[in-house]
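First to last, the sequence lines map onto chains H and X. Going by this note's numbering, the letters in the first sequence line up with residues 391 to 762, in that order. Going by this note's numbering, the letters in the second sequence line up with residues 909 to 1276, in that order.
In case anyone wonders, no lab produced these hints; they're calculated from the structure. By construction, the Cβ of each residue, glycine as well, lies at the ideal position given by its N, Cα and C atoms. One should not assume that every hint holds.
Stated by the list, open to error - Distance ranges between label pairs, derived from CB positions:
(1) LYS923/X with ALA561/H: 34 to 44 Å
(2) ASP495/H with ASP1039/X: 17 to 27 Å
(3) LYS533/H with ARG1075/X: 33 to 43 Å
(4) THR910/X with ASP549/H: 50 to 60 Å
(5) SER421/H with LYS923/X: 53 to 63 Å
(6) GLU1072/X with ALA561/H: 43 to 53 Å
(7) ARG501/H with VAL1035/X: 24 to 34 Å
(8) ARG576/H with ARG985/X: 28 to 38 Å
(9) GLY607/H with GLU1005/X: 30 to 40 Å
(10) LYS533/H with ALA1151/X: 36 to 46 Å
(11) ASP1039/X with ALA408/H: 34 to 44 Å
One letter stands for each residue in the lines below.
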Amino acid sequence: MLTMQTTLLVGPADWQPARMPKEVFLERIESVWKANPHASGLIVYGDRAHHADLTYLTHFTPKLEAALALIPRDGEAQLLVGGGVNMLQAARPLTYIEELRPLRDVGKSVRAWAQQHDGTLILIGGALMPYPMRQELDETLGKADDQTAHLRVRMRRKDRHELAAIREACACLDAAVKAMRTARRRGDAGTAVVLAGEHAAQQRGAQDVRSLFSSDGGRSLRPFEAPIEHSRDPLLVYLAVRQLGYWAEAFVLLSSTAKSSHGGTDAVPSDVLAAVTDMLKPGERCADVAKALARLGMSVPSVAIGHYGNGIGLALEEQPAITPSSEDVLAPGDVLSMHVQLSGREAPIVSAMVALGASATEVLWSSSASFQ
Amino acid sequence: MTFDQRLAAIRAAMKQQRIDVLVAVHDGAHFIETPNPVFVLTGFKSIGPAAVLLARDDAAQLIVTPTWDADRAGEDRPQVRVHAADDVVSGLAAALEQTRARMGIAGVGFTRFELASRVLELVPHAVTADDIVFDAAATKTDEEIANAREATRIAELGYQRMLELARPGLSEDELAVELRWYTKTLGAEDNFVLLCAGARNPAVAPSNGRVMREGDILIAEITPSYRGQLAQICRTVTLGRAADELKDKYELLVQAMQAGIAAAIPGAAMGQVCQAMNAVLEAAGYGEYCHPPHIRRRGHGLGFGSIRPGDVSLDNATMLQADMLFMIHPNQHLPQTGYLLCGEPVLLRAQGAEPLTQCQSALAEIGG
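Just need the whole structure built from these sequences, with the hints factored in.
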């Protein structure tokens, strides 16, 4: 889901070794080496807007300026942090990497590092670099082996540490949704409702909160631009909460009364949720799931950009995508954010965060359970 | 200046440089240091990547992603034709319709590689036209000035809230998050809240989980955005009583700031504003600290659209004009105190610089 990007990330992002041990990151890096026996080093880019790949391998969240990790097969990793040498002290708690240096003269820095590591260099996140930085890097390295897509396939499989973080994000999301529902029921409208949800999430330690709301019955969503005191009833809100690096998101329909204007309730019937989650099993083709949902009369919300759901984790949108044309197959370790709309334009949207295990599917959060 | 007058100036510059169509792109990653030509040309702050096609003799066309954001883009902008697209480059290609017009392009240098390279493939012969867009936006429109005033009002209220909240035992992250949420309730859709605390700060940096302690010096840049226009205040607060030496050094910065404000007059070069601030510090024996690596600038423009007139630095020869908006902040590392923040947003008027704040920088003490 696209949300309005902020100019500076604020919110807790310190590395907590007990929650995400260093060994987890080293294992991830080791898996890259195993898949690339001739590679001698990794160059990983991230910035405020796009840093899932960088965070996956280093834990670092670039709050202000971009960062570049240089990870050799042999030797210690280093993290080049934008903003000058005076930013390094503030950056240090955010990563397990001990060698931090300023990010400047990218071509020169990478060339000097590459000369110490003979072999193929792998680039991650190169497409996201600012145009001049990527040009400088290409001039230095020639055509690098861009393996961003391969890394993102690996990122699909969430381990127990990641699942724990996502469960916390879901708990935070639940608190935020409940706060918005309370605000709506007491008569708050428009942006006051959204802000109540954001505040509740932040008070639970959310690292980031993104919100959108609809003023046209779900046809479109809008970001906060200025306080709005009036809103439709029910009010459709999209909320995404990030905790310990991991996202949870939901669409929720919030009525000012227990019964909404369309005769339903805020809650989504639990049998609808069961029908959706029953389809989500390892081995199922994503395209088949999408087609099955369509046969049940469920549609893709107009604001969901063409898919019934997607992987979610360090990024709001990860693989796989649940669309009729997807070639992906669901697998154990997938965590999905599902959003399907019942018939009718202002009908509730079923939102659910679902974790696929080898033998069971776990609903981590749902718009059904949240209103019980 | 009105928005229409600025657009007319841009079209005049296009004519002068024989550019028939101007293409502007932005990847949706809004940043205080990065100008946004789409915002300058339309006043629209996009959620996703966006582009503008401006012909010399036709209404501007705005290509918006995601598609459902098109209605919002069209609000209050009847002069702009809005096209919804799933992919901004595909949308741009459709709007260009294989034109043979001579084209200029703006924003590519600030955009992510994947988007920039696809746009450049689409318009391979376009000439760089960033200056056409941003020269015309060196001064703010009436609307941008009004928004800057409101953003400043919000910043000052945010500062008051910070004084209420900051205390030993609270982490930097907790304070920054609460402050940004608070200014959002006042109408700021974003806020560049750069704050940190310590016994001696090497610089102002993004907050982290450090828990503030008695005796810390808390430094904060509070930078709300109101309808896409940023304004900033730079403040320094002690958690506890401030030492006399700190008070003396801070007063030095305030004097430097006042000297900078006095030097900021139409017709002066921006470098002279920087030099005026440096002179106060040099006279006090801190000449060495007036240059890199200790500081690189003493203020800057305020976006999100245009960040002209650029940095308040010795090498900036930009001639100041009325209706320019920028920061004057002699933020400074001093060996006795570490980094201190002191600064106001100023609007240049015919008679000189007008700080937009009601209460200017003064060292504050919490619990002192």
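Hints, one by one, checked against the model:
1. LYS923/X with ALA561/H: 34 to 44 Å: violated, 59 Å
2. ASP495/H with ASP1039/X: 17 to 27 Å: holds, 26 Å
3. LYS533/H with ARG1075/X: 33 to 43 Å: Violated: the Cβ-Cβ distance is about 54 Å, outside 33 to 43 Å.
4. THR910/X with ASP549/H: 50 to 60 Å: holds, 57 Å
5. SER421/H with LYS923/X: 53 to 63 Å: Given about 58 Å between the Cβ atoms, the range holds.
6. GLU1072/X with ALA561/H: 43 to 53 Å: Hint violated: Cβ distance 29 Å, outside 43 to 53 Å.
7. ARG501/H with VAL1035/X: 24 to 34 Å: holds, 31 Å
8. ARG576/H with ARG985/X: 28 to 38 Å: holds, 35 Å
9. GLY607/H with GLU1005/X: 30 to 40 Å: This hint holds: roughly 34 Å between Cβ atoms.
10. LYS533/H with ALA1151/X: 36 to 46 Å: The hint (36 to 46 Å, Cβ to Cβ) is violated, given that LYS533/H and ALA1151/X are roughly 57 Å apart.
11. ASP1039/X with ALA408/H: 34 to 44 Å: Taking Cβ atoms as reference, ASP1039/X and ALA408/H lie about 53 Å apart, which means the hint is violated.
Figure legend: structure checked against the earlier numbered hints; hints not met, in rising order: 1, 3, 6, 10, 11.
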